[in-house]
Amino acid sequence: ETGVTQTPRHLVMGMTNKKSLKCEQHLGHNAMYWYKQSAKKPLELMFVYNFKEQTENNSVPSRFSPECPNSSHLFLHLHTLQPEDSALYLCASSQDRTGTLYEQYFGPGTRLTVT
Amino acid sequence: KQEVTQIPAALSVPEGENLVLNCSFTDSAIYNLQWFRQDPGKGLTSLLLIQSSQREQTSGRLNASLDKSSGRSTLYIAASQPGDSATYLCAVIVPNGQNFVFGPGTRLSVLP
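If you're matching them up, the sequences are chains A and B in order. Quick note on our numbering: the first sequence kicks off at 68 and runs consecutively. Quick note on our numbering: the second sequence kicks off at 58 and runs consecutively.
These are computed hints drawn from the structure, not numbers from a lab. All C-beta atoms, glycine included, are put in the ideal place defined by N, C-alpha and C. Possibly wrong hints are sitting among the right ones.
What the hints assert, rightly or not - Derived CB-CB ranges, DEER-like:
#1 69/A / 74/B: 27 to 35 angstroms
#2 169/B / 94/A: 32 to 40 angstroms
#3 116/B / 163/A: 16 to 24 angstroms
#4 147/A / 74/B: 44 to 52 angstroms
#5 108/A / 76/B: 19 to 27 angstroms
#6 111/B / 76/A: 31 to 39 angstroms
#7 94/A / 66/B: 29 to 37 angstroms
Unchecked claim - On the chain B side, residues computed to face chain A include the following (Cβ under 10 angstroms):
#8 77
#9 93
#10 95
#11 99
#12 101
#13 102
#14 103
#15 133
#16 148
#17 158
#18 162
Construct all of the structure, not just a fragment, from the sequences and the given hints.
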């Protein structure tokens with residue numbers, strides 16, 4: 068596998084379910100990101116991890132819980148979601164967070180539907 | 058607060074035309090600017106990254122320019138092809154927190 072991969076690609080869950088999204092990067096990068104893309108809205112940054120440490124939580128509700136066990140893997144744990152949380156969730160990585168090393172590479176996304 | 062806008066929101070052109078997509082940002086104090094394309098329901102593909110000290114970058118038929126003082130970037134696509142049809146997004150890195158702020162995108166359709 069190359070680049071940034073995300074699983075599952077599609078997920079349908081009820082409001083009482085608990086599920087997790089997985090992201091893996093094969094680029095040797097040190098920073099990883101979760102974004103939310105809703106219909107007709109710009110991408111919204113959710114979380115940033117740099118060298119496995121969370122450096123940004125962009126006022127995300129606690130029903131979204133990130134986990135970064137190492138620099139290559141990033142998870143987004145979901146519980147008691149709302150229908151308005153339905154969106155495309157995108158993972159990205161960058162070598163670092165300065166200069167040209169800050170170029171971001173994105174995964175294909177997980178299309179989440181909350182019923 | 059940094060805001061990024063993109064004009065036009067949608068564009069439809071015949072194959073072979075040269076075209077320009079526009080990106081504007083409200084705060085000129087940016088580090089980098091990156092252009093992406095996104096195919097329907099897919100992730101983002103990086104096209105070009107321009108550092109704040111640079112004025113333009115080129116890759117194949119694509120040329121991106123940056124004018125920090127006026128808060129603008131343009132993406133020029135030469136000899137457009139149907140395969141160029143996608144949504145094009147620009148994003149700037151803001152000094153405070155050093156995070157990306159994305160524009161809403163321009164949806165491009167190149168007709169054969």
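Consistency of the hints with the structure:
For the pair residue 69/A and residue 74/B, the supplied restraint of 27 to 35 angstroms holds, since their beta-carbon distance comes to about 33 angstroms. Residue 169/B and residue 94/A have their C-beta atoms about 35 angstroms apart, which keeps the hinted 32 to 40 angstroms range intact. At roughly 22 angstroms, the beta carbons of residue 116/B and residue 163/A sit within the given window of 16 to 24 angstroms. With their beta carbons about 50 angstroms apart, residue 147/A and residue 74/B fall inside the hinted range of 44 to 52 angstroms.
Checked against the given bound of 19 to 27 angstroms, the beta carbons of residue 108/A and residue 76/B, roughly 25 angstroms apart, stay inside it. A beta carbon spacing of about 36 angstroms between residue 111/B and residue 76/A agrees with the range 31 to 39 angstroms that was offered as a hint. Checked against the hint of 29 to 37 angstroms, the pair residue 94/A and residue 66/B passes, with Cβ atoms roughly 32 angstroms apart. Residue-level restraint check for residue 77/B is violated (minimum Cβ-Cβ distance to chain A is 21 angstroms; threshold 10 angstroms).
A least Cβ separation of about 7 angstroms between residue 93/B and chain A falls short of the 10 angstroms threshold, and the interface hint therefore holds. The interface hint given for residue 95/B is met, as the beta carbon of that residue sits about 9 angstroms from the closest beta carbon of chain A, less than 10 angstroms. Interface restraint check: residue 99/B against chain A, minimum CB-CB distance 6 angstroms, threshold 10 angstroms, status holds. Restraint check, residue 101/B versus chain A: the minimum CB separation of about 4 angstroms is within 10 angstroms; hint holds.
The restraint placing residue 102/B at the interface with chain A holds, with a minimum CB-CB distance near 7 angstroms, inside the 10 angstroms limit. Interface hint status for residue 103/B: upheld, as the beta-carbon distance to the closest one in chain A is roughly 6 angstroms, under 10 angstroms. The beta carbon of residue 133/B comes no nearer than 20 angstroms to any beta carbon in chain A, farther than 10 angstroms, and the hint placing it at the interface is violated. Interface restraint check: residue 148/B against chain A, minimum CB-CB distance 8 angstroms, threshold 10 angstroms, status holds.
Among the interface hints, the one on residue 158/B holds; its C-beta lies about 8 angstroms from the nearest C-beta in chain A, closer than the 10 angstroms criterion. The interface hint given for residue 162/B holds, since its Cβ lies 8 angstroms from the closest Cβ of chain A, which is under the 10 angstroms cut-off.
Going through the hint list in order, the structure does not satisfy hints 8, 15.
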